[in-house]
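So the sequences go chain by chain: Y and X. To get the numbering used here, take the position in the first sequence, counting from 1, and add 1. To get the numbering used here, take the position in the second sequence, counting from 1, and add 75.
Fair warning: there could be bad hints in the mix.
To be verified - The calculated lysine-lysine pairs, modelled on DSSO-like cross-linking and capped at a C-alpha distance of 27 Å, are:
1) K157/X with K286/Y
2) K115/X with K405/X
3) K603/Y with K222/X
4) K286/Y with K178/X
5) K146/Y with K178/X
6) K427/X with K157/X
7) K603/Y with K621/Y
8) K158/X with K286/Y
9) K627/Y with K479/Y
10) K158/X with K216/Y
The set of hints was computed from the structure by calculation and includes no laboratory data. Model, not experiment: these values are computed from the prediction.
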Amino acid sequence: MVAGWRRLLTGVAGFALMLLLVSSWRRTPVVASSSGSERAAGNSVPQYLSPVALQLSSDGRWLYVVCEDGDRVLAVDTRTRRVARQVRVGHTPRGIAISPDGKKLYVSNEWDGTVTEIDAESLRTLRTLQTGAGPVEITTDRAGKVLYVANTLGDDVSLIDLATGSEIKRLDAGHFPEYLALSRDGRRIYVANLLVRGPYNQPPTSELTVIDPDKQRVTARIAIPGVIQLRHIAELPASAGGALLVPFMRPKNLNPLVQVRQGWYLTHGIAVIRPTSQSAEGVQKFQVAEVLLDDIDHYYADGFGSAATPDGRWALVTASGANIVSIVDTAKLSRALRAAPPSQPEALANRLDLARQFVVQRLRTGRNPTAVVVSPDSRFAYIANRMDDTLSVIDLGTMQMAATIDLGGPKAITHLRHGQRLFYSASRSEQGQMACATCHPHGGLSDGLAWSLETPQLGRDVVENKTLLGIDGTSPFKWNGKNPDLETQDGPRSASYIFRSQGFSHAEVKDLAGFILSLRLPPSPNLARNGQLTEAQARGQEIFFRGRTNAGVLIPPQDRCYYCHAPVSHYTSRVLMNVGTATRYDTIYAFDVPQLEGVAMKPPYLHNGEAQDLEEIWTKFNPDDKHGITSDMDKVQLNDLIEFLKTL
Amino acid sequence: MRIAAQLRKVSSQWRALLGAGLLVLAAAGAAAQNPPLYTKWVNYTQANGFPAGEVFCVTVDGSRVWAGTEHGLVLLEDGRVKKIFTTADGMVSNAVMSVAVDKQTGDVWIATFGGASVYSAGQFRNYTSLSSGLANDLVYGVAVQGKYVWLATTAGASRLNTYNGSWSIFNETNAPFQEPWAYSIAVSAKKVYIAAWGGGVVVYDIAGQYWRPYTDPDGEMEIVLYRNQGLIHNIVSSVSYNPDTKMFWASTYFGLSGYDGRNWHNYLTKDSGLISNFINGVQSRGNEVWACTQGGLSELDYKTNTWVTYRPDRKTGRGEVLITYPDGKKSRMETPTSLAHNYILNMDFQGKDIWVATAQGLSHGIRQP
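Kindly generate the complete structure, drawing on both the sequences and the hints.
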């Protein structure tokens with residue numbers, strides 16, 4: 002009877018939520034005047050905060066909030082629910098950890114490649130620690146002696162000795178490790194990788210990397226099939242089964258876009274991972290199951306934060322594109338999983354009718370909810386709302402929203418901020434299936450997948466997703482170069498074929514395009530801060546600009562690297578070129594020349610993503626020298642050329 | 076009765092050895108100090124489920140032993156075969172020529188005849204000349220030095236910076252390689268030693284970032300003009316650095332050479348206890364120098380200049396132990412068990428024990444007290 006009422010209430014709440022989403026979709030936001038040109042001219046522009054990471058003190062009194070656009074950390078008094086103190090940190094802070102004694106905070110600065118150590122009480126900066134490239138989430142070990150840092154651009158984890166402040170070593174993770182977590186017993190550190198490596202024509206497999214902090218070694222690499230974008234890791238206590246819950250996106254990128262059944266072309270859910278046995282060679286094995294948090298008629302796009310109550314009864318997962326937090330009854334989740342045949346752990350992975358069995362509440366949050374934490378006494382959960390500079394407070398006793406904490410960001414909404422909100426919102430897509438950020442995670446990256454987007458050809462013209470970082474001045478867009486500008490790219494055609502909706506209004510498209518064009522590439526970790534090239538990079542630069550082969554033969558201008566990848570326009574000539582890479586599955590032969598800036602951070606390569614590494618562009622896919630004259634180059638030269646490209 | 080009579084004449088150490096199964100057939104140098112001996116061998120061959128054919132390399136990692144064969148990479152733990160890894164498991168090739176364990180990360184780097192693989196927490200990641208900056212897919216040697224992985228290939232030495240993924244190639248165009256065919260790599264904290272086929276030993280100074288070649292002063296001639304003149308021959312099959320003595324040792328197909336930073340120390344069969352000048356590999360620690368030859372496994376006690384060679388007796392199938400004392404006197408003994416084959420390719424240490432890669436199986440040498 003109670004369950005029946007709950008289902009009814011959930012249904013009513015869901016309907017109300019849909020109305021709310023539709024109404025907010027149509028509501029014209031307040032937009033203050035602020036454009037890219039104003040920003041460029043140095044005029045004062047609002048400094049938004051964009052909270053993305055949270056850390057509670059052990060007694061739950063203080064909530065530390067990392068603000069990626071504000072380059073600062075705020076200390077919120079959970080009693081007064083006000084910001085009490087704040088401190089500026091490095092460029093684009095993304096993660097936070099607290100020492101076991103609660104006296105120090107560690108904040109990663111993604112664009113600086115550093116961690117700022119802060120006194121937790123005074124918020125005074127103590128020192129700056131060097132990390133690998135693109136640090137995001139961090140944690141200490143159980144003793145607080147070693148800091149573990151997920152380096153997104155380095156594909157590894159830095160181990161930093163907190164006594165000396167120096168890096169001990171780096172452990173190879175999967176691809177683009179973003180979030181990590183220390184297990185409750187302190188015996189493992191789990192690392193969630195955002196992206197995947199693998200053949201372009203196969204379904205993706207994500208990796209959850211497991212580190213033994215005592216041995217300081219990787220002890221397992223858990224394969225999570227069919228999904229990408231693993232994010233925050235929540236661990237249930239042993240009394241509740243001890244499983245890990247990790248949000249994911251499940252793409253069906255190899256299906257033609259017209260695929261409709263079972264979640265169209267992408268869904269959102271969580272991986273449920275349990276340690277099982279050891280293999281013969283001593284590697285810890287894990288059992289992996291996947292369940293969707295989406296419903297049949299509505300999606301909860303872009304799972305991001307996850308947290309469990311101390312007793313493990315409830316788990317909370319934020320849907321950053323849907324402005325929703327889903328509350329999962331973990332006992333019901335276990336029961337649902339037990340219904341799956343043990344031999345087919347993926348049997349539930351496409352079931353859109355399953356979430357209703359274990360999702361007991363969907364609460365509306367602020368815009369773009371990211372991280373979520375639960376207070377030590379299990380009374381409250383706090384959610385960082387990146388796009389409106391607030392925190393949502395959930396009363397876990399009533400399972401209702403208790404309060405919203407204003408972090409003090411600007412109230413005026415600029416066109417850029419409006420465009421940013423649109424970028425992260427799934428409200429413009431049919432049934433809330435996806436946002437721009439769904440396929441362009443981490444602020445505009447490519448998801449690294451090849452997608453079958455061209456509906457008329459039904460499976461032909463599979464193209465690799467492009468990055469959105471640093472694309473200003475690189476038009477036209479799309480691999481076929483048909484979109485002269487972003488307004489076209491994101492206009493009615495995208496609405497029809499991708500979002501399957503009315504899409505964005507003219508004004509919205511303008512703001513969205515403005516925001517996308519404002520996205521910048523992070524500094525290349527392969528280039529010295531003073532811009533000085535290494536010997537190999539300098540040799541590679543000479544090869545890039547060479548006009549003669551090794552034999553001294555003149556290379557026709559159109560066969561030189563810089564002809565198509567012109568440095569004056571972001572290393573692209575902005576035209577279509579046939580470089581011999583079309584396959585029998587393509588209906589066109591010439592493709593838009595991609596810009597090379599940031600090329601090292603966006604594998605795979607070529608229009609269909611069939612080159613997994615830069616080397617393969619020339620070693621496998623340029624047999625006839627149509628992609629520049631390269632066949633005379635030896636491996637030393639090719640390595641040098643790649644070293645140069647990695648500096649761009 | 077005869078054995079009992081001999082026993083009364085030998086020292087207590089020899090009694091212990093006999094108790095372990097050692098038969099003393101001739102002991103001309105019994106009065107001299109004898110080195111510790113390996114008198115018990117446990118072999119892993121096709122007969123007991125090991126891959127057939129040559130074992131190219133063996134690398135000890137604590138209680139684990141990695142053996143590279145033509146048919147895959149064998150993992151042994153506590154003396155038992157735990158797993159035979161092949162391409163079916165994701166490894167790049169089955170012909171495994173060399174294995175190095177990164178002591179920092181625990182990752183296992185594997186040199187094969189189809190490229191290089193790294194085995195990390197149950198998964199392989201592969202590197203070939205088509206998909207990475209690796210110079211060539213015929214990889215003979217691998218070593219880990221800090222964040223760098225060095226690989227010996229037929230087209231030079233490749234170096235991977237595991238922190239940023241950068242590849243460097245060193246060959247005749249940018250380093251003093253007379254020949255780019257690199258056979259083996261050894262590392263110390265300060266230097267990288269590369270055995271080059273036809274090019275001697277090429278040494279890279281890490282801090283100074285410069286190369287220095289060590290070659291045979293008389294060039295390609297397969298003679299030695301005078302003793303300790305320099306590297307014994309330019310065809311170097313293997314190189315080993317000894318952190319205890321700070322010496323590096325080079326095995327050639329024409330004798331054994333060691334360099335202490337000032338002087339060379341060369342050994343030939345004609346003037347030492349080395350069983351064969353055709354040496355496939357060399358390892359060194361403390362005062363021990365081990366030469367893996369085509370005729371058996373020879374050990375030099377560098378301090379006492381005492382040689383011990385282990386090989387199977389082809390007639391009896393038992394083990395032969397040949398000792399050459401500093402004064403040139405020799406003794407011969409037999410052991411009930413022996414190395415799997417006299418053609419030795421590689422060896423490594425596991426505490427007091429040794430593991431030996433032979434042409435027909437892997438051998439575990441157990442030192443008796």
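Evaluation of the provided hints:
Annotation: proposed proximity of K157/X to K286/Y holds, straight-line Cα distance about 16 Å (limit 27 Å). Between K115/X and K405/X the CA atoms are separated by roughly 21 Å; this keeps the pair inside 27 Å, and the hint holds. Under the criterion of a C-alpha separation no larger than 27 Å, the hint pairing K603/Y with K222/X is consistent with the structure, at around 24 Å. A hinted pair counts as satisfied when its Cα atoms are at most 27 Å apart, and K286/Y with K178/X qualifies at roughly 23 Å.
The suggested pairing of K146/Y with K178/X holds, with an alpha-carbon distance near 20 Å, which does not exceed 27 Å. Using a Cα cut-off of 27 Å, the hinted pair K427/X and K157/X holds, with the two alpha carbons roughly 22 Å apart. For the hint linking K603/Y to K621/Y, the alpha-carbon distance of about 18 Å falls within 27 Å, and the restraint holds. Only pairs whose Cα atoms come within 27 Å are accepted, and K158/X paired with K286/Y is accepted, the gap being roughly 16 Å.
A distance of roughly 21 Å separates the Cα atoms of K627/Y and K479/Y; the hinted pair therefore holds under the 27 Å criterion. Proximity of K158/X to K216/Y is assessed by CA-CA distance (about 22 Å); at most 27 Å being required, the pair is judged to hold.
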